[in-house]
Amino acid sequence: MTRPLPPPPPAACPAGVRPAADADADAPANRAAPPDQDPATGPGTAPGHAAADAQPAPAASGGCPHAAAPLFHPAYPQPRANRAGGWRLFFQARHSWLHALFERSYRMKMGEVRLFGHPVYMVNEPAWVRHAMVDAVARYPKHRLLGRALEPLLGRSIFTTNGALWQRQRRMMDPAFAQARMAVAFPRMLQAGQAMLARLQALPDGAEPDMEIEMTHVTADIIFRTILSAPMEGEDARRIFAAFAEFQALAPRLTLPVVYGLGWLAPLIVPFWQVRRSRRAAAEIRGLLGAIIRPRYDARRAADAAAAASAGDTAARADAAPRDILDSLLDARDDAGLPMDFEELLDEVAMLFLAGHETSASALTWALHLLANAPEVQRRLADEVDRVLGDREPGPDDLRELVFTRQVFRETLRLFPPVGFFAREAAEDDRMRDKAVPRGATVTISPWLIHRHREWWSHPDAFDPDRFDTEAGRASLRHAYLPFGLGPRVCIGANFALQEATLLLAMLARQHRVEPVPGHVPEPVGRLTVRSANGVRLRLWRRRPPAAAASEPAQSPAPNPPSP
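In terms of our numbering, the sequence shown has 742 at position 140, counting the first letter as 1, and numbering is strictly consecutive.
Hints listed in this document are in silico derivations from the structure and should not be mistaken for laboratory results. Keep in mind that the hints are not guaranteed to be accurate.
[Unchecked claim] With beta-carbon atoms standing in for the labels, derived distance ranges:
1) Arg925 to Arg1033: 34 to 44 Å
2) Ala832 to Arg935: 22 to 32 Å
3) Trp1143 to Arg878: 40 to 50 Å
4) Leu940 to Ala671: 53 to 63 Å
5) Ala671 to Arg903: 56 to 66 Å
6) Phe718 to Arg1033: 19 to 29 Å
Don't be surprised by glycine CBs; every beta carbon is placed ideally from N, CA and C.
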């Protein structure tokens, strides 16, 4: 097991900000607040209030040359002073798990609560996070009942399965997802980005759109183009968005009873009409995806049968190399040489659609919110884009040159990890720290808490892309940063998401400058992903016309899912 991460030393950038005092699970709830937060309000600020560091960091010798501007502290739900108990805790989390957190959640290394006799553990210490997700991963599979709650939409995909079935699926998916490599995926990302710019260019200068809508549209468009070689537009797109919005809004109500060990009470806690609405929404999404997939599935299996009849090789095909991810999934074979059947294929496509667009849309939306409220950071990002790209369209090789752009997105993922917690189930008795973890217990690991932990990070609630240039920041990055998970279940599309975000942020920064809308402060809520309860409206000002005319006409954005 790796050693616990030591408290970071005082950071050289920004000057004058020191890390929080040492904290542990037994610290009193009324201890002094860390120096980067208001002792009266606790960590963060209440929804509707955003803060900036009161003391600008001087560009002193040896300090950060970019730290003269105050750091932006985005608003998030103010933690309660003390933990709620029993039913109150459950119903707070049912609305938004962020609202169930209390002050010590951000300092403790491991917490325990028993809800109606069921043990639930929150693990924040890096060494024990690694224990559960890497070193002893077989002891902590993904919670089986949580997967069951998502099965109406995702079926038995790699998102919901465990054990031998998950291993078979991952072996088939890994080479298939290699089809998302930049040589193939980049032109599709660029086309979707150009369509996004055309939609934004059609707005009047100074417009105040809800950027959650546009980021959801463009990321879904990219996934559709990459998986299915089709743009995300028209009536089918609107139906998928509306159905997904319904499923997303109801999912926490269906999954929280499981996480808190109340699965047996779900029929009493969750009204049957909500279950019916969720399943109807999932069925509509699967029906629309299935209608697109079925003709290609049937044609490929017919070609396989013809190849087998003529050459005796079911894997032989005369076609060209796969055009998209669906082609690669149709080609995939397990160790016995068997392909996916139609339901398996539909399960994996539904999973890729959910994971591939919802998480990216969440992170990109928060990135734009942070940039709008940190004008100096936004200026530096735009300067980098102008220097690297000039007046030409971006290419795949440009992404590695956009270093600061990647830092901005990395810091966004720290402050607003799209998936705020991972739920695991103890498959056998174990011990973590000084606690016995019995078989069947729920073990939760929260990137949201680990990324904002008062001991693992300096000025944890501040937006500071330069933190990764410091020794302390790099140490925290190695041990206390997991926006895509850890170990064998790390997100299969992590590199895809990073490349997509770098490209889209660069395209947006070159064409537009974003500002906050006065009086509008996004209110984060934690459900399937971390979204805003009231949208993320930003004021858009043109910096220049698009570098080239978009290759496709602008389409009206599909309706945004209400905040998850």
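The hints, checked one at a time:
1. Range check, Arg925 to Arg1033: Cβ separation about 51 Å, and the 34 to 44 Å hint is violated.
2. A beta carbon spacing of about 25 Å between Ala832 and Arg935 agrees with the range 22 to 32 Å that was offered as a hint.
3. Remark: the range hint 40 to 50 Å for Trp1143 to Arg878 is upheld by a beta-carbon distance near 46 Å.
4. Taking 53 to 63 Å as the suggested C-beta distance range, the pair Leu940 and Ala671 conforms, at roughly 58 Å.
5. Between Ala671 and Arg903 the beta carbon distance is about 59 Å. The supplied range of 56 to 66 Å therefore holds.
6. The hinted window of 19 to 29 Å between Phe718 and Arg1033 holds, with their beta carbons roughly 24 Å apart.
Of the numbered hints listed earlier, the single one contradicted by the structure is hint 1.
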